[in-house]
Amino acid sequence: MAQTDITSSERDGMGPHGTKVGLLRVLGPAHVWALGVGIVLVGEYMGWNFAVGKGGAYAALMACWFAGILYSCVAMIDSEVTSTVAAAGGQYTQAKHIVGPLMAFNVGLYLVFAYTMLEAANAITAGYLVSVVATMTGYGGALDQRPFIILVIMFLAWLNYRGVLATLTFNLVITAIAFTAIIVLFLSTSGIIGDGIMQHAALFEGHEKPYGWIGVVAAMHFGLWFYLGIEGTTQAAEEVRSPARALPFGTLAGIMTLLIAATLTWYICSGVLPWEFLGDGVNGSVAPLFDTARLSGSNALIWFLGIGTLFATLASANGCINDASRAWFALGRDKYLPAWFGAVHPQYRTPYRSIVFLVPIALIFALGAPLDQVITFSILSGLLGYTFMPLNILMFRKKWPMGTIKRGYEHPFHPVPAIVLLCLCAFTFFAVFLGYGTQLVAMIGFYIIVSLWFHFWRYRFVNRGAQFTMPWPKPQGY
Amino acid sequence: MAHYTPPVQSKLGQIIDVIVLVTLTVGALFVPLWLGMAGAAKTVASPVENPTWEALGQNAVQAAQYEALGYTPESAHDLILARFDYSFTTGALIVMIVVIVAYYALMLKFSEAEYREVISEKFSKK
Numbered sequence: 000m001a002q003t004d005i006t007s008s009e010r011d012g013m014g015p016h017g018t019k020v021g022l023l024r025v026l027g028p029a030h031v032w033a034l035g036v037g038i039v040l041v042g043e044y045m046g047w048n049f050a051v052g053k054g055g056a057y058a059a060l061m062a063c064w065f066a067g068i069l070y071s072c073v074a075m076i077d078s079e080v081t082s083t084v085a086a087a088g089g090q091y092t093q094a095k096h097i098v099g100p101l102m103a104f105n106v107g108l109y110l111v112f113a114y115t116m117l118e119a120a121n122a123i124t125a126g127y128l129v130s131v132v133a134t135m136t137g138y139g140g141a142l143d144q145r146p147f148i149i150l151v152i153m154f155l156a157w158l159n160y161r162g163v164l165a166t167l168t169f170n171l172v173i174t175a176i177a178f179t180a181i182i183v184l185f186l187s188t189s190g191i192i193g194d195g196i197m198q199h200a201a202l203f204e205g206h207e208k209p210y211g212w213i214g215v216v217a218a219m220h221f222g223l224w225f226y227l228g229i230e231g232t233t234q235a236a237e238e239v240r241s242p243a244r245a246l247p248f249g250t251l252a253g254i255m256t257l258l259i260a261a262t263l264t265w266y267i268c269s270g271v272l273p274w275e276f277l278g279d280g281v282n283g284s285v286a287p288l289f290d291t292a293r294l295s296g297s298n299a300l301i302w303f304l305g306i307g308t309l310f311a312t313l314a315s316a317n318g319c320i321n322d323a324s325r326a327w328f329a330l331g332r333d334k335y336l337p338a339w340f341g342a343v344h345p346q347y348r349t350p351y352r353s354i355v356f357l358v359p360i361a362l363i364f365a366l367g368a369p370l371d372q373v374i375t376f377s378i379l380s381g382l383l384g385y386t387f388m389p390l391n392i393l394m395f396r397k398k399w400p401m402g403t404i405k406r407g408y409e410h411p412f413h414p415v416p417a418i419v420l421l422c423l424c425a426f427t428f429f430a431v432f433l434g435y436g437t438q439l440v441a442m443i444g445f446y447i448i449v450s451l452w453f454h455f456w457r458y459r460f461v462n463r464g465a466q467f468t469m470p471w472p473k474p475q476g477y
Numbered sequence: 000m001a002h003y004t005p006p007v008q009s010k011l012g013q014i015i016d017v018i019v020l021v022t023l024t025v026g027a028l029f030v031p032l033w034l035g036m037a038g039a040a041k042t043v044a045s046p047v048e049n050p051t052w053e054a055l056g057q058n059a060v061q062a063a064q065y066e067a068l069g070y071t072p073e074s075a076h077d078l079i080l081a082r083f084d085y086s087f088t089t090g091a092l093i094v095m096i097v098v099i100v101a102y103y104a105l106m107l108k109f110s111e112a113e114y115r116e117v118i119s120e121k122f123s124k125k
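Quick mapping for you: the protein sequence lines, in order, are chains A and B. Position 362 of the first sequence, counted from 1, bears residue number 361 in numbering that gives the first Met the number 0, the numbering being contiguous throughout. Position 124 of the second sequence, counted from 1, bears residue number 123 in numbering that gives the first Met the number 0, the numbering being contiguous throughout.
Think of the hints as simulated: they come from the structure by calculation, not from any bench. Cβ atoms here follow ideal geometry from the backbone N, Cα and C, with glycine treated the same way. You may find that some hints are simply not true.
Some chain A residues judged to face chain B by a derived CB distance under 10 Å, without partners named [unchecked claim]:
#	residue
1	Ala94
2	Phe104
3	Ala200
4	Arg244
5	Asp279
6	Gly283
7	Gly367
8	Gly434
9	Ala441
Next up, chain B with everything else stripped away, as it sits in the complex (with noise of 0.2 Å):
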């Protein structure tokens, strides 16, 4: 293989390529809460009104730990009661696995096409 020579890249050329690199960092944090989609969030299902121990499922020992916690059955209402919501659908699963190797297929396809050029100069005779 003939040997390749790549281009000088400008130091504007540099910077922005560290912007781009950084704002998609941040956007694939941040867009899905700005967008409220950061799932796990919790939710009560049933509320119990006046709550006690008892009424929240905590036996005597439990009830004593939170109490040691500075927690009264009303503060602890939410924290004790609140559940993740692990129902889905089929398609949303098949999705994530479409995407999942899709991504690593992508990633090896074009990671040998690659390689086969480094490897094809890298050990050609000089």
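Excised from the complex, chain A in its bound form (with noise of 0.2 Å):
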């Protein structure tokens, strides 16, 4: 059979739906980068620290490489098929040509709930920001924090709005110098640059495993916030310059920076907070790295930790807002939404109905859920879209066995980072049922409803054929 290339980088525009006006080609491998990171990032600033409450320090730890070996086998799964399905959308374009439209359906809510809640949680720690910032500059009251988690939603999504270009500049910007954060905090706290202020074993003594082994699975549900996002950068598919360079070497790099950033972040914070404060992120360390600087001792570390930790919930709110609305976007233009949410701004060319409508969502969940059940919620669609991925590529190897079609990026080792990602999905539904089971039944219970609403209801206003816009040849078993 002969084969096609789609990845080509003369197939450029919108080509798939062959509207006139389309989303615009002008990012890079860096940009695809600072996408993925940026939005991950704010996991080493706040939130991965409820996997210490859920197990103990040293359960965060090994939540965190399992939950790495996790994203490892999401991020070469990933890179394979969307080196090939170049589209906005991501993992729902991936779904609607190789699994079928209520996949796609669900894994599209999938992406913009787990955004549109990690968008909410960066706005929440934002203003836990101010507000600290706001004491410890001699503020006596209690400050309203509602305010800045308005203008932190608004702002990002005006900025969304005008343009991609700067908004993941100004991502690669504030990513960089959030990271550079988290390395100058290790060399300055560690004893590699003066003294030393770790104090590990004296920390951890009597408290190893304060849940034994149970912990430890249990710490695997916030485990992924160390990395939960990284997925994203496929949301840029379609307005990378060359997406079968640009998206796998961008998703392969960001992984790799991840898997430094969330072993220093640990190393750091269980260093020097006691774990019983370190793993409430409601009522003890809000922000781990930042409470760290704080005890320091050095007024330059808190300035900058403070400033790193703006800085990465700025990134990630802001490349949540670009991955939600790519995602809702694409379920308007197939017609699984209504239609009015699949335009393109006519002069700034992104998907300025689906930028404005998530606004107020956001805001709901941003002013009226407590932190954890936020991230609890963001986690579970993220693990749902996981669990699909072994899923998809298996059958997508299937359908297209290799040589049919030219694939940008090869994974290698096929079925083994399929079986593995199946195998640590399954355990962490087991982790967040240990604690949060009510809101995993609710959650499914929730895509079990809107899965019979589109099928039953929803479905019949989609054109059939013309869902696959991918000029592939027939999928082989059809």
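Once you've looked at the hints, go ahead and assemble the two chains, each given alone in its own frame, into the complex.
Quick look at the structure:
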């Protein structure tokens, strides 16, 4: 069978649906890296420490590495499929071409809710940080965080509305600064530069595994937070100049960056903060790297990590708005949702209606729910998406075996990454069940209801053959 | 397969569809919260009266870090002693497994039926 090269850079512009005004192809590998790492790096600045609360410091380290394996599998699988399915919507578009419309609809919702909840969590953290800075600078009362939460979401939505290049260039700069802040804190507190303040042995004494091995399992729930969102690089597929090169490169460089940042973060924070304080992200340490800097005694570090935390939350929220709106836009363009959402701004060439529509959704969650619940909602949506990925790659390789279409990247050792990913997802479902079982069942109940709604009602408004937009040959077995 | 022409949805219908979806979304997170079923609440099983750092199980280094963070044994009492309850019943675990497996089975089954229509129309001769 002849190969169909859909990864050529000559396939430019808004190809898939033949619309006259498309998203602009202006991004390179560095922007893809910034989009992926920018969304996720905030996970080192806040949220991951709930894993310490669920199982203790050692449990969080094990969760960090197991989650690292899970996400390495995600990055490998995603890089192969996305370098071939180069269209906005990322995993949604993959599911539409490989598994089927209902799966695609669900995956689209996973993406929208994972990113919108993450955006809400970021805004909550930014509001908290402003209140801490106010207290540190002498403000006596309790600062109302809500105006700052609203301001963060509105400002970043406006930035996204105006254009993707400025948005992701902004992300590139502030992500680099936030990552540098972690490195500087590590060098300054570990004893490499100046006196070290690490006291792992003394702080762990008597609290090595406070919940035993069940706590190690439970910690995996929030271990995902170290990396959640790296798969968002695929959302830029329609806006990168060379998808076959930029997407695998940016995604794999991103996961390597995060593995280093996650391990350093655990080392720094667990060596300075007592585990009970570190593990309580609501009443204890909301921003652990910042809290670690506070105990360093260095004003320069406090300010740098304060800025790093703020930049990390902004970069993440910025990337989340970018990704959630692309997924919502793609759902609208295919009429899985009202087609009104599938519009591109005539001047800025951004999915402006989707961007604006998701603003109040993010605000509802940022202003109305506690941080750990918002994070759990985001993690669960992400986890459902990761469970889809091994099914996706197995079907992809079966329907279009190697050699039938040109892939921009081929991940090694297939099907080992898919099997490992599926096992780790099952493990993580159990981890979420420990302590957050009600949310788990409520969430899946939600997806079952919307699936029935889509299949029996919404799907009647969708064109059948027109959904398949890739210039691929007919899948084998059909 | 004959070419399928979808009906045109009215503006009101589109608005209703969005409202349904948003309502379900908000409900999925907030209903468990409103019903007080949003798990993960930590509790203090054995409170300590007149707490000291030693009574709270803290060595000198741990106590010093708490003090540097602005805590006293009294203010850190709940933070230090609160724990999750990981006990669960086999029935609850089975319910969770059944719900997850049923969800994916349902989705794959319906998706496959829809996908066959898509492929049939896409690759059928015009």
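A quick look at each hint next to the structure:
no. : hint   : result
1   : Ala94  : 8 Å, holds
2   : Phe104 : 9 Å, holds
3   : Ala200 : 9 Å, holds
4   : Arg244 : 29 Å, violated
5   : Asp279 : 6 Å, holds
6   : Gly283 : 6 Å, holds
7   : Gly367 : 7 Å, holds
8   : Gly434 : 4 Å, holds
9   : Ala441 : 5 Å, holds
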